[in-house]
Each structure stands twice: as C-alpha cells, then as structure tokens.
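First to last, the sequence lines map onto chains A and B.
Here the first sequence is numbered in this note's numbering, starting from 965 and rising by one per residue.
Here the second sequence is numbered in this note's numbering, starting from 17 and rising by one per residue.
Hints are computed from structural coordinates only; laboratory data are not their basis.
Quick caveat, the model's predicted, so the values are computed rather than measured.
Built from N, CA and C at the ideal position, the CB exists for glycine as well.
One thing to keep in mind: the hints can contain errors.
Listed below are the simulated BS3-like cross-link pairs for lysine-lysine, each with C-alpha atoms no more than 25 Å apart in a straight line [said to hold, decoys possible]: (1) Lys1002(A) / Lys91(B); (2) Lys91(B) / Lys1035(A); (3) Lys202(B) / Lys113(B); (4) Lys1026(A) / Lys197(B); (5) Lys1035(A) / Lys161(B); (6) Lys1073(A) / Lys1026(A); (7) Lys1073(A) / Lys96(B); (8) Lys1064(A) / Lys152(B); (9) Lys202(B) / Lys1042(A); (10) Lys161(B) / Lys1026(A); (11) Lys117(B) / Lys1035(A); (12) Lys102(B) / Lys1064(A); (13) Lys197(B) / Lys1035(A); (14) Lys152(B) / Lys1026(A); (15) Lys91(B) / Lys143(B); (16) Lys152(B) / Lys202(B); (17) Lys1073(A) / Lys91(B); (18) Lys1035(A) / Lys202(B); (19) Lys1026(A) / Lys41(B); (20) Lys101(B) / Lys91(B); (21) Lys117(B) / Lys197(B); (22) Lys1002(A) / Lys970(A); (23) Lys143(B) / Lys107(B).
Only some residues are given here: those of chain A computed to face chain B with a beta carbon under 8 Å [what the hints assert, rightly or not]: (24) Gly966; (25) Ala987; (26) Met990; (27) Gln995; (28) Arg996; (29) Ser1000; (30) Glu1030; (31) Glu1063; (32) Lys1064; (33) Asp1101; (34) Glu1113; (35) Asp1116.
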Amino acid sequence: MGKRTKIITAILGFGLLIVIGVAYYMFNMPQRDVQSAKTDFSLSSSEIVNQYLADANIANEKYLQEEGDSKILAVTGKVFAISEDLNNQKVILLKDSSEKAGVSCTFTKETNKNAENLQIGETITIKGVIRSGAGFDEDLDLYEDVIMEKCDVIRE
Amino acid sequence: MKKLVLTTVVLTVFALTAFKPIANKLISKDTHISFYSHTAIEDITANNYKVVSTIDTSTGDVVYSVPMQSFEFEKAMMQKHYNSKKFLDTKKFPKAKFTGKISNINDVDFNKDGSYEVQVAGDLTIKGETQALNEKATITVEAGKVTLDSKMNIVLANFGVTFSGGKPSTNIAKEIEVTLKAVYGKE
C-alpha cells in the first residue's frame, strides 16, 4: 500500500468516524433543559389568558414552535389550586378568581418539592414551557387553561 | 281566588325548574394518554398527562381534548419529528379531540362500586382529519371516584400522517397502540 493510499484511507476513516459521531449525538440528543434555558416572555397569568381569549391564532403564532420547543414563559399569578397528576407531578393552577381560565403548571420529579409548600392565594412566578393555550371549548362546555410543563418556582 | 291561581302558577314554575334534569357532568384533568409504536428496529413510547375530559352521566356524551405538544418522548429527536410540520404539525393543530357517546351509559351505576364495560362511538380529530371510532372502554366506580380506561389502535395514515421514506418509514409503526386513563370528579 503506497503512502498516498494510506493517507486517503486515514482521512476517509476519520471523516466516517465524525459522521457516525454526529449522527449518534443527534439521535441521542438530550431533551432541552427548560429551567436553565433563557426565559422568552415574562407576564402575568391574566395577560397570557387574555391574549389567548382575544385571538388564539395570534397567540399560538407567538408562543408555539413548530418542532415542539415552544416558548419558555415566566408567569406570575395567584395560586388557585394545587393537585397532583397521574405521574405524581405537582400541578399548580395560577388563576385570578375574576378570570375564566388560568395557567396550569405541571412540575417534574426534580422540581416537585418546590411546589410542596405553596399556599392557595399566594402570588408566585413559575417558569415553564408552554404546550397549549386557553380558550372556551364548546364540546367540553368549559374554559381550558393555558398549559405549561417542566415547571419550577422562580424567585427574583 | 286570584291569590290561589298565582300561588298555583308560582308553585308549578318552581316545581318544573326544581326538577329539570340536573347536569350530571363529570370532569377529568387527571389523565394519562400514551402511545406505543412497535417495529423490528425500535419501540417508541410517548406520554401525555394534560388531557381534559368530560362525561355526561345521563346522556353518555364523552369529550377528550388532547394538547398535542404535551406528548413527551424519551429522545429529543423523536419529539421534534413528531411535532414537526411533516408529522403532527402541532403548531398549526395544537389540540386533538374526541367527541362521542357511550351507548350503554344506563348500564353504569355511578353510585355503586363496580366495573362496567362500555361501548364508545364517536369522532376523533387529529391534524384536522376526522375519523369515526368505535371502541370498548371500562368504567370503574370506586369510593365515589370514576375512572375510565381504554386501549385502541390508530392507523396513522387515516389522519394524514404518512412516511414516504427514510428512518421514520422504517422506525415508526403504521398502526400505533393508544392507552387512555382518566380519573373523574364532580364539576
């Protein structure tokens, strides 16, 4: 084998390794860490709810992202209800009693403990990723809340 | 005499309104929908805990509203694919919905503990495409708590989700298994 062939083989081999490496990384890329990512919008629970009730299409355009990595919000509001979902994650509903809908914030196994000592009526700020907006659903005959997930309480 | 007529009218109106059918709506925000896709190459599972559902215990009407971006996958790449324009296009269609009726709702005694097999028929809308669905479900009443469980298979192509080539066409099953659980409470 000539020197030249050896070098070409080495370069090709190296290139192939990089391609495999990148493909492997892409395939196993971890989920976005919402809490350490930058907050896109800071607003109150009434503000986001009212933007959705005014025009859901405009609000979806603003907050939802095509590949699912939607906007990260810091929402300030009053704790209206505290519950737990079927995955044992805490769910805090931020809602003003005068509003028709609120912001339903699902915590994670890691952040659950920060939701434990919250009191109904307390005003807090929760950071999370928006999954869907608020609106009146005729079939349910109910107002649906804005949905946020991967939430945690943030302190200024 | 006038007084008697008035009293009768008032009483009748009162009696009629008092005995009008009471809205028997059960609401669930405590839900779990998962789907499972099996191929020889890989198994894919996604979970969603943010579905809202109602059951009218007198008419049998059932509704499920599913926020599509709440499906969580093991791998970020799968989640991106799933949400993208090519597949579920969740930005344009953020919610899927099922509206239907439990045909044998009268077989279910919501005041008595037990497990009841029910038949649910209705329309499922995903990505703007509506398909008729007819599935079995189980309603369990236990200590005043009502739970509905169901399992069904959904053919993705029926909802305009098709894979013409590449990895998705080999790694994602044409028919996926959907498992549903919802725990209901009073309004």
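What hint numbers does the structure not satisfy?
-> Numbers 4, 5, 6, 8, 10, 11, 12, 13, 14, 18, 19, 22, 24, 25, 29, 31, 32 and 35, in rising order.
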